Amino acid sequence: KNKRSRRKSFEIIRTSIHFTMISSSFVRSLGNARKISVPTFRNNVTKSQIKLHPQKVSSKGFASKADKDGIKLEKVLAYPGEKSYFEDKFRFHTTKEILPTYRIMDEEGRILNSEEDPKLDKDTVVTMYQHMLTLNAMDTVLYDVQRQGRISFYMTNFGEEATHLGSAAALKMEDTIFAQYREAGVFLWRGFTLDEFMNQCYSNSQDYGKGRQMPVHYGSRKLNIQTISSPLATQIPQATGSAYAQKMAKSGNCTVCYFGEGAASEGDFHAAINFAATLETPSVFFCRNNRWAISTPSTEQYRGDAIAGRGISYGVDTIRVDGNDVFAVYNATKAARKKAVEENKPVLIEAMTYRISHHSTSDDSTRYRTSAEIEIWKTKHEPVKRLQKYLTSKGWWTEEQDKNFKSSVRKDVLAALKRAEAVKKPHPDECFTDVYDQLPPNLIEQREEMRQHLKKYPQNYPIDQHLS
Amino acid sequence: MLSLLSKCSRFEQRCNRKQQSVRVDSFKCRLNKLNRGIFITKVKRSNGEQQSALVEDEMGTDSLGRTTKKMNLFTAINDAMDIALTTNPKAVLFGEDVAFGGVFRCATGLREKHGSSRVFNTPLCEQGIAGFAIGMAAQGATPIAEIQFADYIFPAFDQIVNEAAKYRYRSGNEFNVAGLTFRAPYGAVGHGGHYHSQSPEAYFCHTPGLKVVVPRSPVQAKGLLLASIRDPNPVIFLEPKWLYRSSIEQVPVEDYEIELGKAEVIKNGEDVTIVGWGAQLLVLEQAITMAEEKLGITCELIDLKTLLPLDIDTIIKSVKKTGKLLISHEAPKTGGLAGEIAAQIQEKAFLHLEAPIARVCGYDTPFPLIFERFYFPDALKNFEAIQKLVEYDFSK
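Quick mapping for you: the protein sequence lines, in order, are chains A and B. Heads up: the first sequence at position 135 corresponds to 135 in the numbering used here, and the numbers run straight through without jumps. Heads up: the second sequence at position 22 corresponds to 22 in the numbering used here, and the numbers run straight through without jumps.
Just chain A, with the same shape it has in the complex:
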């Protein structure tokens, strides 16, 4: 015991001598040095043994240092991440802390913490629920329609309804939205009609996109939702830029960007979050972590603490939520929007959910995951049923209403489908418009070539399906 205490005191003396030797030369060498971080030793050295110059860091992040003769030295930047400290014991560092998941409504529709209850009124919650049912009905019908060969492609949203409705309800119409492709509920909330959905899926002449893209690539200027594009994650840095332009225009609005956990592996995600943090944009990044990127489970997508862990390392305020709890999603989005708009700071929301559906109509997910796994998420954690339980417990929705609504909305969907099918496709000339604001000479020439060719061989081309 004596040996140990003797050793200890020897250590203290040794370290303090060591330190004072180093510290004086260190402080002398500081002189004109740019480093302003304060070195502290953690091993048994008390603060009184350390004589250090106090550093004043202004709110602008600059520190000005004057030496003892009062001569003002150059201003040095307080670089972020340099508030580190020295340690003389070697070790690797790794992620230990897993960010918790914010949830306020459990699987039975019970509010777990009344303080966090957003206390939304009946109309709002019933509307959310009805949109979820509409979404389910539309997905079911259009999936089958694709199987019958009447549309070329479709992607369903089963399992992620709460991420759509919870977040969309917390935003204002003036907030610009960039999405990936599995956010049809967001479109529904803002007022995209069944006809508008169908027209795009049928690529007919009433499609705002003039039939140029595959189904589910919706977009609407009046609803302030940018047109979907297939390449993944390209929308994320665009959302950052859009938010910056809103900040410049002092519009008081934010830009919200949806993407999946697979897309978050793209370089564009990292670029976007970093830009948003450094340029201080009013951005809300909403990641739908639905566990699957086509056939790639998230265990093969990342090793760190998923997407939320990344936000923190980029200096961005982050929250992980239960994506199947519509109220948690609502709360998180509302708070994120507030922070973005009031403080011009980006926020990252990671909504943990599950892709019950196949990736698309070109996919059969039972080839890479078990039906048992899908079944658990379809029953236990399913967001629509969870909200239904909440509504029932509040007395805001009955079985009868449920049955009636489901059958009537299915009728609406089928009617819209029929209408869309009857509309002709866009005029073939629309192949050449909108490449530029006006047709350049080469396109005028090529359009004429096409016209002449169609005139010569009308029976070989589906001209009848198009406007003429």
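These are calculated hints, taken from the structure and not from any lab test. Nothing here was measured: the structure is a model prediction, and the numbers come from that model. Using N, Cα and C, we set each Cβ at its ideal position, and we do this for glycine too. Honestly, I wouldn't trust all of these hints.
[Said to hold, decoys possible] Heads up, incomplete: computed chain A residues facing chain B, CB under 7 Å, no partners named:
1) S205
2) Q206
3) Y208
4) G209
5) R212
6) P231
7) T234
8) Q238
9) A239
10) G267
11) D268
12) N274
13) F275
14) E280
15) D402
16) V435
With chain A held as given, fit chain B onto it using these hints.
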């Protein structure tokens, strides 16, 4: 003050004497008929800093009676961006190292004048720069995104080709990125090697929805850049970095634009049509001088200016007159823009051709450092091609 002036004039005299081989900031400047003299000197300012400055901030007037000022290429580009930022409150400029003026000084003084929220640095990420610019433009702003070297534009290629170029088309004109402009220095510099010399115009000319613009001189650069910024389509503006300091002209100080999509016949001739753009025109000018002297012909030189959309009609008109065509560019021959022009000309003016269309381009190799002198499509190679065109005999 007096000693400063005398120092300047003495340096100037040295410059004038050594006009054939003056080294300025490690760029080797070649004298040519289009650009006269180099008037760059290091001036010691009163605060002790050394600065490059034009000794003669001479004013003048051009043939249209506009007040002009002596500017080099980067100063003219700087002036254009200054005007763009002044006249359009939604215009912003950003990129790597743009805040302190840019590595080629194109952004000098703009941050101080227009504010840090409009002229700013981004993190080192071209795909981020491009995506960010697209998003800004989609929200209605006018972003000028600088890519530090055209060689580094490729991380941004997905955003430019898959997003910017298709933004208006895929949304059915619900949305667009009209205000978007990318600027990047391109081209050989004498010592740039693989990654500071590339000419990537062909990749972008293959993408419908984009416009690609290349100026040849300060007057052209200012007008074309203003037109590009204001053009309601995404534009890639490639600046010949070799000419940043060495190309000096009297540039109108006013706000003016030069029309996009129109090529210009910068020298009339009867015997051979020669097409080029950017810095290559100076090389072609030298070749033409040699050819006119030695072969007794006259050559017509066309500056394309806008590579996409291509003004093929100007070239056709010229080829119908001369019957012979030479196209020259620094970029590798295979898949280069010369092939596209040649294909269009043989389509539309086949019977007017008196010889196969000649292309004098870089070899199909990455741009080499030590072999640049051999690789480069220089004046002599172009002269040889002109000679071959002129001496081509159908009967053989």
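Hints not upheld, ascending by number: Hints 1, 2, 14 and 15 contradicted; others consistent.
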